[in-house]
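Top line first, the protein sequences correspond to chains A and B.
First residue of the first sequence: 31, per the working numbering; consecutive thereafter.
First residue of the second sequence: 115, per the working numbering; consecutive thereafter.
Honestly, I wouldn't trust all of these hints.
Claimed, not checked - Residues from chain A that face chain B, not an exhaustive set, calculated with beta carbons under 7 Å:
1) Val38
2) Val39
3) Val45
4) Ile46
5) Gly53
6) Leu57
7) Leu60
8) Tyr62
Read the hints as simulated data drawn from the structure, not as lab findings.
Glycine residues also receive a C-beta, built at the ideal position from the N, C-alpha and C atoms.
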Amino acid sequence: MQDAKDQVVFTIIAVIIILIFLGVLFLVMLFYYNNKKRQMRKEKQLMRATFDKQLLESKLEIQEQTFDMISQEIHDHVGQILSLAKIQLGIMEQKQVMDGELMGNVKESISQAMTELRDIAKSLSSERLQHLSLEESISQEIRRINRSGFIKVGSDVQGTEKNIPDQHKLIAFRIVQEGLQNIIKHAGATEVFVSIRYLEEDMFISIQDNGVGFNPETELKKQEGLGLQHILRRAALVGGKAEIMSKPGEGTTLQIQMGYV
Amino acid sequence: MHIAWYEYFQLAGLGTALYCRKSLHAFSLGAFLPLLIVVNITELTAMNFRTFGWTSNYLIYNLYLLVSTPFFFYLAGKMLFLTRKESVIYTVVCILCMLLVFINFLFFQGSTRFDTYSLGLIEIMIIIFSGLCLVRLTLNDQGELNFMREPYFWINSLNLLFGLITLVVLGLQSYILINHIEIAHKSLYYAILPAVNAVVYAGYSYAFILCRTQKTR
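Model the full structure from these sequences, guided by the hints.
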C-alpha cells in the first residue's frame, strides 16, 4: 500500500517537474529569441550609424576637395583670363586711345572667364547632377576639361543607363571627377579615355590615361595617397568596388564597379 | 485569526498593488487591485473557516473561482493587445468558459465539493493565454524590450508556471487528500502550494514595482 502511494507521489512530482521544465524551457527560448532580436537590432543600428558616419565623412572630404578645386580653377583659369583682360585694359589706358581690336580681345577674355565660371558652377552643383543622367554629367565634365586644352579626353558609352539612386550617381560622378583631376595634376598624360558600360546588374566605369603611371600599392600606403584611398572608400560606401591598375611608365586605369541599388 | 506564512506574500502583493495603483492603470493592469482583494479575502476566510462554524472551505474556493476568473480573463485580454476581431473571439471563448464554470458549480460538482473541473479548465485557459501573451511580447516589433524589466513578462511567466503546477496539484486535490499522498510527512497539497503561492505573489509585487519605475508603456 505504501509502495503504491510512493509511486503516486513519485509520478505526481515527476509530472510537476516535467511541466515546470517545459514551462521554463519555453520561457528560456523566448528569452533567448528576444535577446537575439535585441542584439541584431543593436548591430543594425551600429551598422547604420557607421554607414552614416562614413557617408558624412565622405561628404566632408568631397566638400574640401571641391573648395580646393574651386580655388585652383579660379586661380589657374579665370584668374589668368581676367589678369589678361586687366593688362589689355591697362594698355588701352596707357595709350589713351580706344583701340577697337584690343577692346574686342578684352570682351573675348571676359566672356571666356564667364564661360569658365559657368562650367565650374555646373560641375559643382549636386542638385544639377541629380537632375542629369550620370552619362550627361560625365560628358559635361569631359567637355569642360577638353575646353581648357590641358588634355584630350575621349569617351564611350555602352548600354543604356538604368535608374541609378541619386546617392550612387553623385558618388560615381565625384569619383570620376577626382580621377580626372588626379590625372591632370599628377599623371602628365596627354590623352585620357573614359568608358561607361551599363550591364544588367552593375555598371562599370573605367578611366584610362597614357601618363607616367605609378605603383598603386606603394602610393596607397603613403599619406599623400589619401586621394586614392578616398576613391576606393567612396565606391565601397555604395556597395561598389574601385580598382587602380598602374605601372610606372605604362599609364593608369581606374576601374569602378557599382550596382544600381 | 490564523494567517498562513504564504498569505503574507499575498498581502504584500495587495499592498504593492495599492502603492503602485496609478502605474498599474497606466499599464492596463488596474484589475489586479480588485483581484488581489478577492484573493486575500478568500484566503483569510478559507484559512479561518472553522471560526465561522463551517465544516469545509470548498464553497469559498468555488466562489473564488467564479469571482476571480473574469478578472484573470480581463487582465489576460489587456496583456494580449487584441485586435477588434481577436477581441470578439476572445470574449466569446471567455464567456463560454465562464458558462461551463457556472454550470459545473450549479449542476455538477456543486458547492460542497472542490470544483476541480472548473479549476482545470481555468488553469488550461490561463496557461494558453499566458503563453500567447509571452509569444506576442516576444514577436512584437516595438523598439527595445528587456524582458527582465517588462512587467507583462513577469506576470505571464508566473501565471504560466503557476498554472502548470496547480493544474496537477489542485486537479488531483481530492485524490491527494483522500489517499493521504504525502511528501516528507506533509500532504503533497500543503507541501507544494504554499511555496508556489509565495513565489507567484512575490513575483507580482516585483512586476508592480516595475510598472511604477517605467512611467508609460
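Now the hints, each set against the structure:
no.: 1; hint: Val38; result: holds, 6 Å
no.: 2; hint: Val39; result: holds, 6 Å
no.: 3; hint: Val45; result: holds, 5 Å
no.: 4; hint: Ile46; result: holds, 5 Å
no.: 5; hint: Gly53; result: holds, 5 Å
no.: 6; hint: Leu57; result: holds, 5 Å
no.: 7; hint: Leu60; result: holds, 5 Å
no.: 8; hint: Tyr62; result: violated, 10 Å
Checked against the numbered hints given earlier, this structure breaks only hint 8.
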